[in-house]
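Participant: If you want the building blocks of each chain, they are given just below.
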Amino acid sequence: MLLKKIKKENPLIHCMTNVVVTNFTANGLLALGASPVMAYAKEEVADLAGIAGGLLLNIGTLSTDEVEAMILAGKAANKNNVPVVLDPVGAGATSFRTEVCLDLLNRVDVTVLRGNAGEIASLVGVKATVKGVDGAIEGDTIELAKHAAKKFSCVTIVTGEMDVITDGHHVHTIYNGHPWLTKVVGTGCLLGAVVAAFVSVSKKDIKAACVDAVAYYGIASERAFAETNEEGIGSFQQAFLNHLNKMTDLDIKQLIRTKK
Amino acid sequence: MLLKKIKKENPLIHCMTNVVVTNFTANGLLALGASPVMAYAKEEVADLAGIAGGLLLNIGTLSTDEVEAMILAGKAANKNNVPVVLDPVGAGATSFRTEVCLDLLNRVDVTVLRGNAGEIASLVGVKATVKGVDGAIEGDTIELAKHAAKKFSCVTIVTGEMDVITDGHHVHTIYNGHPWLTKVVGTGCLLGAVVAAFVSVSKKDIKAACVDAVAYYGIASERAFAETNEEGIGSFQQAFLNHLNKMTDLDIKQLIRTKK
Amino acid sequence: MLLKKIKKENPLIHCMTNVVVTNFTANGLLALGASPVMAYAKEEVADLAGIAGGLLLNIGTLSTDEVEAMILAGKAANKNNVPVVLDPVGAGATSFRTEVCLDLLNRVDVTVLRGNAGEIASLVGVKATVKGVDGAIEGDTIELAKHAAKKFSCVTIVTGEMDVITDGHHVHTIYNGHPWLTKVVGTGCLLGAVVAAFVSVSKKDIKAACVDAVAYYGIASERAFAETNEEGIGSFQQAFLNHLNKMTDLDIKQLIRTKK
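Which chain is which? The protein sequence lines are A, B and C, in order.
Just so you know, the first sequence maps onto residues 4 to 263 in the numbering used here.
Just so you know, the second sequence maps onto residues 4 to 263 in the numbering used here.
Just so you know, the third sequence maps onto residues 4 to 263 in the numbering used here.
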């Protein structure tokens, strides 16, 4: 029933995200039924994060100034019981990114951490060989996710061909999704925002909200491909927005795939 | 005849706008026939604003640095008789935004102020209950628009289900448009840029140019929906760009709706 | 064979580009088969540029801070034999932009310079009358390109109705492309990124890589228009992404037009 709840309540999702995906993220949240607001100024981020339904911190094109504002926003969210989603884009690619993420995780109570396997591995300090464009690694993704969830005391989502959602103890796996999601920029980033929206209307069961969010997202991509198939990735991207908007809770219930 | 004039003269519209909508704004201006230029550096904004056909100031993702550059650009525009459109995105949502807008209105001669009812109400200091995603308020939008136009000595456009355009004395109402404009991010922001383009080729009758701009925009959205209907909001957004490009002055004349 | 090589190797293209076109650039690179990464922080740009397959410097919405980071990135690229493409967006429009470009050309070994005729003319100090939206000038574009290539010791691409590619001695002209490329924002900027990707897999023959990149790009636009024709520029933009993704080396070989 979470999709229905989002469409009814239009939760305000405060996104501090990278310049590559702002437009796509905002349109995706509108398609879902949430209300996006992007704001970065230190003078106002605490005000907005404090009244938001959810806060997204995405370090895709981070700067020192922006990180300082993220910490202000994160602390205000924590104080007001607003869930915080962290997307550690490119963690491991540079030591700057890894350090910033660890600093954020240290100073802000993050509710959900969402990344690909390579990013999450770099945060827990596991050496991992990244073997694909989606950041997949050789090794046990489920153990990796549990490790991160325990270390950072937050629900962790590791996305890939198999999506893993765990609080460190119980594990859910989702097999929805289409490979072309890796051919559209910002699909991982938008998922972080979508997770924030789902969690904002289901604070009592964060993990279940994450499962629904991830399945919803994957199913929409399957439908987009089924509809546009031969046309190409530009058409796929547009159809994906259409289906993010049209999906229902019943679709999620009927089409979620928890096994390979 | 303003559309024809824009397509002939390709007025340069200097946009200082938010990071969420820059691409959409630039593509919308190109569709209309104007020439967008985005520039934010203090070292050059006065040079560009001074030679532009119009200047758009949109505070959607403002920073202190950007506001300082906006004031430099605004003053250069004023000096060179370049019309200035202010879009007070999110005024009222944080006190920072409200204060920045009032400061801009104080230091720059704004030609046209465009916002939703909630934003404009916060600028004139009227307490208003916002009741919808489009920033609609309970209360008299026409009186609100007149109040703002008089207080800030500029043409004011309050957009919503009914669009109000006024110089504080004469009032025009427009009923074109489609509700899905609220499901595509940046449609309000792009309208501000479109207004700047229309005004740039019709400095002698600012108000009439605003009426044409608002009607043009609404009609394009009606056509986009008529064409794509069941497909969804991604398709609607693309068709909207197509129709922004294809519309003619005759379309505006024939399809403008000034009564409910 | 360069397209095939790009799709196999997925070269990492580090883009420091303007806020208007980041999303379009990243999606275009993904369509091509390259891996885009956008990063601007001084703390990390040298790390990323040093391991990238190519570096794009585009000054479309430059700031003093960003230019400093560009120089750090450019020097790291030079040190690691990573090709650097410079896109001098708006050079000549303000003296700030012209000076920044000349400074970049002075401090970084640029591999390829890509601009329209007006921009390149302003960099070599030639007075030119810009006569169209695509920055075309009155005068000899081939001589202009050769002049720039010699002056800055780099391959120079001057784009327009006729595209000119030269190392200062040998000249190639390409006549592919569609006028609607000027109606979609960022098509010039994306071409710079595409050139970086082609050059990254063909460092031994930079000029030939540029010829292929420019022809590839033009042919994709011709196909996009052929497919969507009457629909409009929004549809054209989407089809363009589809065809950037679908093109093959054989298409380039068969459809390249080197004469008017």
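Treat the hints with care, as some may be off.
Since copy identity is lost for identical chains, a pair holds within one copy or between any two.
Unchecked claim - Each computed BS3-like pair below joins lysine-lysine, with the alpha-carbon atoms no more than 27 Å apart:
hint	residue 1	residue 2
1	Lys78	Lys45
2	Lys130	Lys11
3	Lys7	Lys45
4	Lys262	Lys82
5	Lys45	Lys130
6	Lys45	Lys154
7	Lys186	Lys249
8	Lys82	Lys10
9	Lys78	Lys186
10	Lys186	Lys7
11	Lys149	Lys7
12	Lys8	Lys186
13	Lys256	Lys206
14	Lys186	Lys11
15	Lys11	Lys256
16	Lys82	Lys263
17	Lys206	Lys186
18	Lys263	Lys78
19	Lys7	Lys249
20	Lys207	Lys45
21	Lys78	Lys262
Derived by calculation from the structure, the hints in this document are not laboratory data.
For clarity, every value in this text was computed on a predicted model and none was experimentally measured.
Participant: It remains to establish, for every hint, whether it holds in the given structure.
Facilitator: Checked hints:
{"no.": "1", "hint": "Lys78 to Lys45", "in the structure": "both (12 Å within a copy, 26 Å between copies)"}
{"no.": "2", "hint": "Lys130 to Lys11", "in the structure": "between (44 Å within a copy, 25 Å between copies)"}
{"no.": "3", "hint": "Lys7 to Lys45", "in the structure": "neither (34 Å within a copy, 44 Å between copies)"}
{"no.": "4", "hint": "Lys262 to Lys82", "in the structure": "neither (38 Å within a copy, 48 Å between copies)"}
{"no.": "5", "hint": "Lys45 to Lys130", "in the structure": "between (35 Å within a copy, 26 Å between copies)"}
{"no.": "6", "hint": "Lys45 to Lys154", "in the structure": "neither (29 Å within a copy, 30 Å between copies)"}
{"no.": "7", "hint": "Lys186 to Lys249", "in the structure": "both (22 Å within a copy, 12 Å between copies)"}
{"no.": "8", "hint": "Lys82 to Lys10", "in the structure": "within (26 Å within a copy, 48 Å between copies)"}
{"no.": "9", "hint": "Lys78 to Lys186", "in the structure": "neither (35 Å within a copy, 30 Å between copies)"}
{"no.": "10", "hint": "Lys186 to Lys7", "in the structure": "between (29 Å within a copy, 17 Å between copies)"}
{"no.": "11", "hint": "Lys149 to Lys7", "in the structure": "neither (30 Å within a copy, 39 Å between copies)"}
{"no.": "12", "hint": "Lys8 to Lys186", "in the structure": "between (31 Å within a copy, 17 Å between copies)"}
{"no.": "13", "hint": "Lys256 to Lys206", "in the structure": "within (20 Å within a copy, 52 Å between copies)"}
{"no.": "14", "hint": "Lys186 to Lys11", "in the structure": "between (32 Å within a copy, 14 Å between copies)"}
{"no.": "15", "hint": "Lys11 to Lys256", "in the structure": "within (19 Å within a copy, 38 Å between copies)"}
{"no.": "16", "hint": "Lys82 to Lys263", "in the structure": "neither (40 Å within a copy, 46 Å between copies)"}
{"no.": "17", "hint": "Lys206 to Lys186", "in the structure": "between (32 Å within a copy, 26 Å between copies)"}
{"no.": "18", "hint": "Lys263 to Lys78", "in the structure": "neither (39 Å within a copy, 47 Å between copies)"}
{"no.": "19", "hint": "Lys7 to Lys249", "in the structure": "within (11 Å within a copy, 37 Å between copies)"}
{"no.": "20", "hint": "Lys207 to Lys45", "in the structure": "neither (30 Å within a copy, 41 Å between copies)"}
{"no.": "21", "hint": "Lys78 to Lys262", "in the structure": "neither (38 Å within a copy, 49 Å between copies)"}
Of the numbered hints listed earlier, those contradicted by the structure are 3, 4, 6, 9, 11, 16, 18, 20, 21.
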